[in-house]
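Number of protein chains: 2
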Amino acid sequence: MKRVLVDMDGVLADVYRQFLDFEFRETGVRRDPAVTFGLSEPEAFPFYEKHVRMPGFFRTAPVMPGSVAGLEYLNGRYEVVILSSATEFPQSLSEKAFWLNEHFPFIDWRQMVFCGRKDVVRGDIMIDDHPKNLRSFPGEKIVFTQPHNAGLALPDCIRVSAWDEIVRML
Amino acid sequence: MKRVLVDMDGVLADVYRQFLDFEFRETGVRRDPAVTFGLSEPEAFPFYEKHVRMPGFFRTAPVMPGSVAGLEYLNGRYEVVILSSATEFPQSLSEKAFWLNEHFPFIDWRQMVFCGRKDVVRGDIMIDDHPKNLRSFPGEKIVFTQPHNAGLALPDCIRVSAWDEIVRML
Numbered sequence: 577m578k579r580v581l582v583d584m585d586g587v588l589a590d591v592y593r594q595f596l597d598f599e600f601r602e603t604g605v606r607r608d609p610a611v612t613f614g615l616s617e618p619e620a621f622p623f624y625e626k627h628v629r630m631p632g633f634f635r636t637a638p639v640m641p642g643s644v645a646g647l648e649y650l651n652g653r654y655e656v657v658i659l660s661s662a663t664e665f666p667q668s669l670s671e672k673a674f675w676l677n678e679h680f681p682f683i684d685w686r687q688m689v690f691c692g693r694k695d696v697v698r699g700d701i702m703i704d705d706h707p708k709n710l711r712s713f714p715g716e717k718i719v720f721t722q723p724h725n726a727g728l729a730l731p732d733c734i735r736v737s738a739w740d741e742i743v744r745m746l
Numbered sequence: 577m578k579r580v581l582v583d584m585d586g587v588l589a590d591v592y593r594q595f596l597d598f599e600f601r602e603t604g605v606r607r608d609p610a611v612t613f614g615l616s617e618p619e620a621f622p623f624y625e626k627h628v629r630m631p632g633f634f635r636t637a638p639v640m641p642g643s644v645a646g647l648e649y650l651n652g653r654y655e656v657v658i659l660s661s662a663t664e665f666p667q668s669l670s671e672k673a674f675w676l677n678e679h680f681p682f683i684d685w686r687q688m689v690f691c692g693r694k695d696v697v698r699g700d701i702m703i704d705d706h707p708k709n710l711r712s713f714p715g716e717k718i719v720f721t722q723p724h725n726a727g728l729a730l731p732d733c734i735r736v737s738a739w740d741e742i743v744r745m746l
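Chains S and E supply the protein sequences, listed in that same order.
With our numbering, letter number 29 in the first sequence gets 605, and the count goes up by one each step, no holes.
With our numbering, letter number 106 in the second sequence gets 682, and the count goes up by one each step, no holes.
A few of these clues could be false.
Identical copies carry no separate label here, and so any pair may be met within one copy or between two of them.
To be verified - Only pairs whose alpha carbons sit at most 25 Å apart, straight line, appear in this in silico SDA-like list of lysine to any residue:
| # | residue 1 | residue 2 |
| --- | --- | --- |
| 1 | Lys578 | Val696 |
| 2 | Lys717 | Ala729 |
| 3 | Lys717 | Phe600 |
| 4 | Lys578 | Phe713 |
| 5 | Lys626 | Asp684 |
| 6 | Lys626 | Pro681 |
| 7 | Lys626 | Gln667 |
| 8 | Lys578 | Gly632 |
| 9 | Lys626 | Trp685 |
| 10 | Lys578 | Gly727 |
| 11 | Lys626 | Ala610 |
| 12 | Lys578 | Gln667 |
| 13 | Lys578 | Phe613 |
| 14 | Lys717 | Leu650 |
| 15 | Lys578 | Leu728 |
| 16 | Lys626 | Arg686 |
| 17 | Lys578 | Glu664 |
| 18 | Lys717 | Arg735 |
| 19 | Lys578 | Leu615 |
| 20 | Lys708 | Arg593 |
| 21 | Lys717 | Asp608 |
| 22 | Lys626 | Arg579 |
| 23 | Lys717 | Leu615 |
| 24 | Lys626 | Gly652 |
| 25 | Lys578 | Pro618 |
| 26 | Lys708 | Val605 |
| 27 | Lys717 | Arg693 |
No lab work stands behind these hints: they were computed from the structure.
One chain only, chain S, in its complex shape (with noise of 0.2 Å):
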């Protein structure tokens, strides 16, 4: 059975609607999210790097349309491995296990991985909005659109915008 790893912010977890909404609370604006497209996120919100090492932040990130019955689906049909970069900002490890508990019952503990690197990590297929990861992987490359790589050609990826494309393609 092919071993499918499927990253958690930008695919699972709306990490854009979360920084958007952090940043309203923080400055009382709310930003148009046009203007995040084509920058990487540090670049896209000021408050990026308080707002990642706040507490709650992970924990309470919405999340993806779709994506609750996508990664059901793929469950049924692929080893499924949560991947997620997540060592950078120690807090966010444990909030990060228990959204999944919450919001992805069906991901077993023993399906989960919080890294670093992820070229660390063995897999057939790639889900992933961050190229960086995407790039080192041997194997089949989805490329999840986010505004940070909506501009980028990536010909060796397939690009998909939305869970439903997953879910018809795998």
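Please build the complex by placing chain E on the supplied structure of chain S, with the hints as guidance.
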């Protein structure tokens, strides 16, 4: 450069001492460590499940003698990745990252992997106390002696009982 996968509990963290200390705080009785020989950790420690889920258990674990100097030595000669089973106990995840940051500051967040199953991670050498992790590993296997594995033969593993043995060997 060869990649060495280094386990935490039973290799970097002296979890047996922590279990015995937590049991003493629970019962007022200090048990002879010898009674744990040959038993799995849940068999050896009546309050295993309660204590591993208790906030602070992993954050305050004693450091294995010789492991700081030993790991620093390895870190200069190999690509070291700390690989710890942690996702079964969500609160342990953050505690383990903070613990590593405190006691092993030369280990970068990019060198940490917290998982459920270790066989998804690639490496050349694995240092672990749990035969179940070593069994499926295709590279060089080093078993770190702990009471639960002390009586097992493990013919395809090199057995070490202390960090200075690892340093002499690698």
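Quick rundown of the hints versus the structure:
1. Lys578 with Val696: So Lys578 and Val696 pass the 25 Å test inside a copy (17 Å) and across (12 Å) alike.
2. Lys717 with Ala729: So Lys717 and Ala729 pass the 25 Å test inside one copy only (13 Å; across, 42 Å).
3. Lys717 with Phe600: Classified as neither: same-chain Cα gap 34 Å, cross-chain 51 Å, threshold 25 Å.
4. Lys578 with Phe713: both (15 Å within a copy, 19 Å between copies)
5. Lys626 with Asp684: Only across copies: Lys626 and Asp684 sit 20 Å apart there, 31 Å inside one copy, limit 25 Å.
6. Lys626 with Pro681: between (30 Å within a copy, 22 Å between copies)
7. Lys626 with Gln667: both (13 Å within a copy, 22 Å between copies)
8. Lys578 with Gly632: Neither: 34 Å inside a chain and 38 Å across chains, both beyond 25 Å.
9. Lys626 with Trp685: between (29 Å within a copy, 18 Å between copies)
10. Lys578 with Gly727: The answer is neither: 30 Å in one copy and 37 Å across copies each exceed 25 Å.
11. Lys626 with Ala610: Within. Shortest intra-copy distance 22 Å satisfies the 25 Å Cα cut-off; inter-copy 48 Å does not.
12. Lys578 with Gln667: neither (32 Å within a copy, 30 Å between copies)
13. Lys578 with Phe613: neither (33 Å within a copy, 40 Å between copies)
14. Lys717 with Leu650: within (15 Å within a copy, 33 Å between copies)
15. Lys578 with Leu728: neither (28 Å within a copy, 34 Å between copies)
16. Lys626 with Arg686: between (31 Å within a copy, 20 Å between copies)
17. Lys578 with Glu664: between (29 Å within a copy, 23 Å between copies)
18. Lys717 with Arg735: within (9 Å within a copy, 40 Å between copies)
19. Lys578 with Leu615: Neither: 33 Å inside a chain and 36 Å across chains, both beyond 25 Å.
20. Lys708 with Arg593: Classified as within: same-chain Cα gap 22 Å, cross-chain 41 Å, threshold 25 Å.
21. Lys717 with Asp608: Answer is neither: 30 Å inside a copy and 54 Å across each miss the 25 Å cutoff.
22. Lys626 with Arg579: neither (35 Å within a copy, 33 Å between copies)
23. Lys717 with Leu615: within (22 Å within a copy, 44 Å between copies)
24. Lys626 with Gly652: Close neither inside one copy (38 Å) nor across copies (33 Å); limit 25 Å.
25. Lys578 with Pro618: The answer is neither: 34 Å in one copy and 33 Å across copies each exceed 25 Å.
26. Lys708 with Val605: Cα proximity of Lys708 and Val605: none, with 31 Å in one copy and 53 Å across.
27. Lys717 with Arg693: both (16 Å within a copy, 23 Å between copies)
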